[in-house]
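Engineer: Sequence:
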Amino acid sequence: MTGWQKKPATALLILADGTRLEGHGIGAEGHAAGEVCFNTAMTGYQEVLTDPSYAGQIVTFTFPHIGNVGANDEDIETVNMAALSGVRGVVLKADITNPSNYRAAEKLDAWLKKRNIIGITGIDTRALTAQIREHGMPNGVIAHAEDGYFHDASIMAELKAFPGLEGLDLAKEVTTAQTYHWDQTGWKWGEGYGTLDKPEFHIVAIDYGAKRNILRCLADQGAKVTVVPATATAADVLSHNPDGIFLSNGPGDPAATGKYAVPTIQKLMETGKPVFGICLGHQLLGRALGATTSKMHQGHHGANHPVKDLTTGKVEITSMNHGFAVDKASLPAGVTETHISLFDGSNAGLSVDGKPIFSVQYHPEASPGPRDSHYLFTRFINHVRAQKGLETKPEFTKA
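Under our numbering, the first residue of the sequence shown carries the number 4, and numbering increases by one thereafter.
Since the hints were made in silico from the structure, they are not lab data. Keep in mind that a hint or two might mislead.
Said to hold, decoys possible - Within a straight-line C-alpha distance of at most 20 Å, the following computed SDA-like cross-link-like pairs (lysine to any residue) qualify: (1) K10 - Y152; (2) K227 - G392; (3) K191 - K10.
What the hints assert, rightly or not - Simulated DEER-style distance windows between Cβ atoms: (4) T65 - K10: 19 to 29 Å; (5) M299 - K10: 32 to 42 Å; (6) K331 - G167: 22 to 32 Å; (7) D186 - G293: 15 to 25 Å; (8) T315 - G293: 22 to 32 Å; (9) T234 - R374: 46 to 56 Å.
Even glycine gets a Cβ: it sits at the ideal position worked out from N, Cα and C.
Whole structure, please, built from the sequences with the hints as guidance.
Structural biologist: Take a look at the structure:
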């Protein structure tokens, strides 16, 4: 009888401070550097790993069982399939089990390989999360080699070369390459996704890394959506004669993306058309109004973040994914803070006094997460309705 033998490591996670974690590889082989963050969502791992806002990051899931419902072609959030999503890697506690869900089309491991995402299992994600919470989001490199051989010099060279997310414009990497139209509506049980047949409104969305469910939520409001690249000029946007303008979510440092996005947004605000921003779009709108943004210590990543809407007094549970925030103290006169995070008091929303311009830091479209904040899409389209002389609709409906 032979003694117990430990399985050899086939994956590594090395942090900038020298921390070296060994585990077992899943997904693609190779190595990739990125910022290591943690996500507290208990569901929606496929949506998280296809959210372009995670470009440049290695995602650590705090929920231990990831992959147990498999993967499919419906729960994908990135629009730009050529760019996939930009996520650099995934860190898990437990090995991936066989999927147990009627919607599963393939195992998560195979899905990760197909999307060229490197993964590692067998990591004490609770300890790693505590380290990030105490010391901030570190740069790191994730590596997977089935034969257990790692070329340390190449791995460490990639880690050293990774500049971090501050000062990095990633919107250009995940945005659409060309303008297109969107008319897909939300998913319904037993029916799947629908199609908007008779649009009432026309929204132009600037794609800094847009999620599909945002576009679906706009279509659910009766809006045909024209999606334009992140580098589109104000003239490009206005050439489509929109009823309203949407600024999408996305990855990277808003100060870097803002070099070309802020002048465009400022010109668009001058038109008086309704403007709505989410996540990076919120940060860019804040900068266009004269506010500043800064890097957060650990960021907000999860589907259970409480936010207070200061305009209604209501508290909603939201989906969040950001590592930068608008500095609330820098909001200029004429700009009102509308939402705050109840975790740390950071800014989570703003509006321009007397104008149909507003934005939120979190993700009201969810995917994953609760739908408490879907009312914001009604609020946006109500601004459009008001400008067109149409009757507005209630933001909230009785259950």
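Engineer: Given the hinted pair K227 and G392, is their Cα-Cα distance within 20 Å?
Structural biologist: Satisfied, since the Cα-Cα distance of roughly 19 Å is no more than 20 Å.
Engineer: Within 19 to 29 Å: is that where the Cβ-Cβ distance between T65 and K10 falls?
Structural biologist: Holds, since T65 and K10 (Cβ atoms, about 24 Å apart) stay within the stated range.
Engineer: Against the 20 Å threshold, does the CA-CA distance of K191 and K10 hold or violate the hint?
Structural biologist: Not OK: K191 and K10 at ~44 Å, beyond 20 Å, violated.
Engineer: Cβ-Cβ distance between K331 and G167: within 22 to 32 Å?
Structural biologist: Hint holds: Cβ distance 24 Å, inside 22 to 32 Å.
Engineer: Do the Cβ positions of D186 and G293 conform to the proposed distance bound of 15 to 25 Å?
Structural biologist: The hinted range 15 to 25 Å is violated for D186 and G293, with Cβ atoms some 36 Å apart.
Engineer: Is it true that the CA of K10 sits at most 20 Å from the CA of Y152?
Structural biologist: OK: K10 and Y152 at ~14 Å, within 20 Å.
Engineer: Are T315 and G293 spaced within 22 to 32 Å by their CB atoms?
Structural biologist: Holds - the Cβ-Cβ distance for T315 and G293, about 26 Å, lies within 22 to 32 Å.
Engineer: Indicate whether the distance between the beta carbons of T234 and R374 respects the range 46 to 56 Å.
Structural biologist: 32 Å, violated
Engineer: Taking the CB of M299 and the CB of K10, does the distance hold inside 32 to 42 Å?
Structural biologist: 37 Å, holds
Of the hints listed earlier, those the structure fails to meet are numbers 3, 7, 9, in rising order.
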